[in-house]
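K.L.:
Each residue of the sequence shown is one higher than the one before, counting from 8 in the numbering used here.
Quick caveat, the hints were computed from the structure, so don't treat them as lab data.
The structure presented is a predicted model; accordingly, all values stated were derived computationally and were not measured.
Incorrect hints may appear among the rest.
Said to hold, decoys possible - Capping the alpha-carbon separation at 30 Å, the derived lysine-lysine pairs in DSSO-like fashion look like this:
#, residue 1, residue 2
1, Lys14, Lys57
2, Lys82, Lys49
3, Lys57, Lys98
Unchecked claim - Taking CB as the label site, the calculated pair distances span:
#, residue 1, residue 2, range
4, Trp99, Thr38, 42 to 48 Å
5, Glu27, Leu92, 31 to 37 Å
6, Gln101, Ser37, 40 to 46 Å
7, Arg42, Val90, 47 to 53 Å
8, Leu20, His89, 17 to 23 Å
9, Trp36, Lys61, 17 to 23 Å
10, Thr63, Thr38, 18 to 24 Å
11, Gln102, Ala58, 32 to 38 Å
12, Thr83, Trp36, 33 to 39 Å
13, Thr83, Ala9, 34 to 40 Å
14, Pro87, Glu54, 21 to 27 Å
Ideal Cβ positions, reconstructed from N, Cα and C, are used throughout, including at glycine.
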Amino acid sequence: MAPPPAKRPRKVLTLETKREILRGCDEGWSTSRIRENFGIPKSSLCELKKARDKITAYTDDFSVASKTGKKKDRKTMAKPMHVDLDQCVIKWYQQQRASGVMV
């Protein structure tokens, strides 16, 4: 009996890569060119196009909130459970660092 076919390894794209793919779509690249350049199947490209608004809104919000430069490495769009608390902690941290206190 022949062994089962090997599964294709799962490829998780960073948010920055997703933005590049969407930029390629906006610039008029063909779907086959995008799929070849980024090594993604057609179904993933279609899903990215559907989620365009969510990806764009999240990355815009994230780039404003984060000044650490870690935006390129991020792969998920998880939001904190307590957004207000998270914003308060970030504000407190920035105030402490601005006044010279090591946190």
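K.L.:
If a hint holds in the structure, say so; if it does not, say that too.
P.N.:
Hint check results:
no., hint, in the structure
1, Lys14 - Lys57, "holds, 25 Å"
2, Lys82 - Lys49, "holds, 19 Å"
3, Lys57 - Lys98, "violated, 34 Å"
4, Trp99 - Thr38: 42 to 48 Å, "holds, 47 Å"
5, Glu27 - Leu92: 31 to 37 Å, "holds, 33 Å"
6, Gln101 - Ser37: 40 to 46 Å, "holds, 45 Å"
7, Arg42 - Val90: 47 to 53 Å, "violated, 36 Å"
8, Leu20 - His89: 17 to 23 Å, "violated, 28 Å"
9, Trp36 - Lys61: 17 to 23 Å, "holds, 21 Å"
10, Thr63 - Thr38: 18 to 24 Å, "holds, 19 Å"
11, Gln102 - Ala58: 32 to 38 Å, "holds, 36 Å"
12, Thr83 - Trp36: 33 to 39 Å, "violated, 25 Å"
13, Thr83 - Ala9: 34 to 40 Å, "holds, 37 Å"
14, Pro87 - Glu54: 21 to 27 Å, "holds, 24 Å"
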